[in-house]
Structure formats: structure tokens, C-alpha cells
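Colleague: Residue numbers for the sequence shown follow the numbering used here, beginning at 3 and rising by one.
By construction, these hints were calculated from the structure, which means they are not laboratory data. Remember, it's a predicted structure, so these values are computed and weren't measured experimentally. All residues carry an ideal CB built from backbone N, CA and C; glycine is no exception. Don't take each hint at face value.
[Unchecked claim] Taking CB as the label site, the calculated pair distances span:
id: 1; residue 1: R31; residue 2: L300; range: 37 to 47 Å
id: 2; residue 1: P371; residue 2: R280; range: 27 to 37 Å
id: 3; residue 1: R46; residue 2: H140; range: 47 to 57 Å
id: 4; residue 1: P109; residue 2: T142; range: 13 to 23 Å
id: 5; residue 1: G161; residue 2: R87; range: 45 to 55 Å
id: 6; residue 1: S90; residue 2: Q237; range: 19 to 29 Å
[Claimed, not checked] Below, in silico cross-link-like pairs of lysine to aspartate or glutamate (EDC-like), each with a Cα-Cα straight-line distance of 16 Å or less:
id: 7; residue 1: K66; residue 2: E113
id: 8; residue 1: K91; residue 2: D117
id: 9; residue 1: K94; residue 2: D84
id: 10; residue 1: K285; residue 2: D254
id: 11; residue 1: K66; residue 2: D117
id: 12; residue 1: K192; residue 2: E160
id: 13; residue 1: K66; residue 2: D306
id: 14; residue 1: K192; residue 2: E133
id: 15; residue 1: K193; residue 2: E230
id: 16; residue 1: K285; residue 2: D306
id: 17; residue 1: K56; residue 2: E113
id: 18; residue 1: K66; residue 2: D99
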Amino acid sequence: MRESLRRLAHSSDDGMERHGRRTGTRRVRVELLDSEHITVDIDRKARGGDLLDKICETLDLLEKDYFGMLYVQRGDPRVWVDLNRRLSKTFKNEPWDVRFAVKFYPPEPSELKDDTTRYQIALAVRRDLIESRLTCSHITYALLSSYVLQAELGDYEEGSLTPSTLSQYRAVPLNAITPEFENKMEDLYKKHRQVSINITFALTSNQDNKKWMDLGCYVSPKGQSPAEAELQLLQSAARLPLYGAEQHAAVDSTGVALALAVSHTGVAVYRDGTLMNRFPWAKITKICYNKRIFTLRLRASEFDECETSLSFGTTATTACKKLWKCCVEHHMFFRREAPVVVSRIPGLARLGSRRISCRRTLRQLRQEPSPPTAAMA
């Protein structure tokens, strides 16, 4: 029976592939941030941006410039799909499989204008926590997990936290779950059930000499809504050093292994998980690479008369170019007023591909009016 089903599935796939060849379309398998899968039919001549638009349309996402798509290339599972390149050239003879992901994490989550955007980015943060790309203390793990429970399950009910529930809605690596952690998370989860509101009353209407009387604290019978819990999750996560960071393996001049973390703040250098140095975008004047060597040129400080250059080694030229491109795209999205051709950015990168997957910048997104349905639920 199972063999018959396998043959049927295989024949269906062959039929879809033949249908795709006849119609000029290709079926793309997309893994979403909640680990569910969907399929999207796309023209064979379409570019990466066309596929991203279709996925966002399927998910009712309006603020789509925060997002991107990952695929596997030469064993590297975290390569971003080039939005300007034809998909047929990106995948060639490989399966057209992608993972929908957040590429640029908003530095101020409260500025997000759409509930769906906030929900998807909350899913991304949760996945980063589970997969240890975003690390924190045990108490912070417990706090973030309690927000996930509030968003997914609503107000706390006695006996609702079963082992299967914790496994399904966890926002922490499995090796971090202990009885002490579960107790702390449950205590924090209970506190989201009651929202305290301080109430004051104006005794006079004179704006210059207004007097206030404190009426005490009113406890709402209803806890945080899913949207409020998701926002609390994002605001707490945004304070963590590795929030939204893309980490790249590198070595210093003495061969010591490092990790370069690229985010909205700039480039940070880590050694064995410990922050060694941080270079804000405002301090970086040039980003370039040559074969396996990645170089940052830093603005002269009040104690230095000239600029400083720092070089790091990478495992291969492709890894070095990936790091360079990540830096240029993050700098462009978070620091520029509008996307520009890389070679025309004064003092910035001069080497490598000019193909940058940034269609709009954060500044442009902030200037757009809020959608009519953006009110928090």
C-alpha cells in the first residue's frame, strides 16, 4: 500500500513537472516560519523578487521588505535568494525549494504597521531562539517563552501547561529546559493574565497648573491580547545583542576563530560567544573583500590621526563575498535613504557583485502610511 502511494506521489510530481514544462511555470516548495509548507506556481523566467511577492501575497503581508528567502547552495543552508536574479539561474538543476525568513529585523518593533508582519517576525524570533542563533540568560528565555504562551494560548489556566504544550510552544533550545525553567516560565505566564493599569484623574482643567489625584491601580480581568504579547516578545528580544544578527565564521590575523555578527547596529566581533568589539555603521567608512580577506575601514577617532583598517580571514572566497554582501545590504537597508547602485556609494564597497537584494530601505518604509487594518488586535 505504501509503495503504491509512493508511486502515485511520484507520478503526480512527474505530471506536475511535465505540466510546468508545457505551461512555462515551475512549482516552488516554500517552508514558512511556522515550519508549515506551501507551494507556489511561478513563471520560469521570474526573478527572486517575483517569488517573494507571491509568498507575501499568499500570507497577506504588506511590509514585505523585511523578508527574504533562504535556499541551500553547496552545502550552505543559509544563502539568500537574489531578488534581482532569475530563479532559473539561481537554482539551475537543483530543486526549487526555499525557506521564507526575516532578513532585516526591525530595530523598533513598535513601529511595525501591520499585525501580520509582527506575527511573522515573532515566529522568526522564536525560531532563532530554538535554533540558538539568538541566545540569552535563562530568566530571559523564560520571559520570552511566557510571551509565546500568552500569544498562542491566551490567559493562563491552572493545569494548562502540559509537557506536550511546552514542547509545542517553546521558544528555547531543548537543552535549556529544566524543572526550574518550567516553574519560572509558568510564574511569568501567570502575570500576563492580569494587566495593571494606573489611573489618575485631573482635579483642575488649568493646563499651566494641573493637579492630579492618583486613584490607584485597576486590574483588568482580561490579560494581554495575542498582538500585545507578540509585541512584548519582540521588544524584549530587540534588547538582546544578537537580535537579528547574521553570523559569519572568520579568523583574525593570528588565526583565532571568530564570529562576525552583522545587524542593524553594525558589525560585532565575537570569540567563543563573548563580545570582543563592536563597530557601529557610523564608524565604518569602507567595506571590501579580496579573495578570502574581508576588510573594514574605520573612521579616525579623536585619538587617531588617520583611518584604521581591520582584516579578517574566511574559509573561502564565496564565504567572504557572502559576508561582504550581507554587510552592504544591511548598511543600505538601515542607513540609506533609498537603495543605490553599490559602486556609486561614496567610500563604501568597491569590489564584488553590484547585485544587491534591497528594494526599499527602512527610512522609506517608515514614511509610508499605515494600512487601514494596522490597529493592534
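Colleague: Would you check the hint for K66 and E113, treating anything up to 16 Å between C-alpha atoms as holding?
Modeller: It holds: about 14 Å lies between the C-alpha atoms, which stays within 16 Å.
Colleague: Would you say the C-beta atoms of P109 and T142 sit inside 13 to 23 Å of each other?
Modeller: holds (18 Å)
Colleague: Go ahead and decide if the range 45 to 55 Å is satisfied by the Cβ distance of G161 to R87.
Modeller: holds (53 Å)
Colleague: Can you confirm whether the C-alpha distance between K66 and D306 stays at or below 16 Å?
Modeller: Roughly 42 Å between the alpha carbons, so the hint for K66 and D306 is violated.
Colleague: Does D117 lie within 16 Å of K66 when you go C-alpha to C-alpha?
Modeller: Distance ~13 Å between K66 and D117 Cα, so the pair holds.
Colleague: With respect to the beta-carbon atoms only, verify the hint that P371 and R280 lie 27 to 37 Å apart.
Modeller: holds (35 Å)
Colleague: Does K285 pair with D254 here, judged by a C-alpha cut-off of 16 Å?
Modeller: violated (20 Å)
Colleague: Taking 19 to 29 Å as the hint, is the beta-carbon distance of S90 and Q237 inside that range?
Modeller: violated (41 Å)
Colleague: Between the alpha carbons of K91 and D117, is the straight-line distance 16 Å or under?
Modeller: Violated, at about 35 Å.
Colleague: Lying within 47 to 57 Å: is that true of the beta-carbon distance R46 to H140?
Modeller: Because 49 Å falls inside the window, the suggested range holds.
Colleague: Just to be careful, I want the Cα atoms of K285 and D306 compared with a cutoff of 16 Å; is the pair within it?
Modeller: At roughly 13 Å apart (the allowed maximum being 16 Å), D306 and K285 satisfy the hint.
Colleague: Hey, K193 versus E230, does the alpha-carbon distance stay inside 16 Å?
Modeller: Since the Cα atoms of K193 and E230 sit roughly 14 Å apart, the hinted pair holds (cutoff 16 Å).
In summary, the structure is inconsistent with hints 6, 8, 10, 13, 14, 17 and 18 from the numbered list given earlier, while agreeing with the others.
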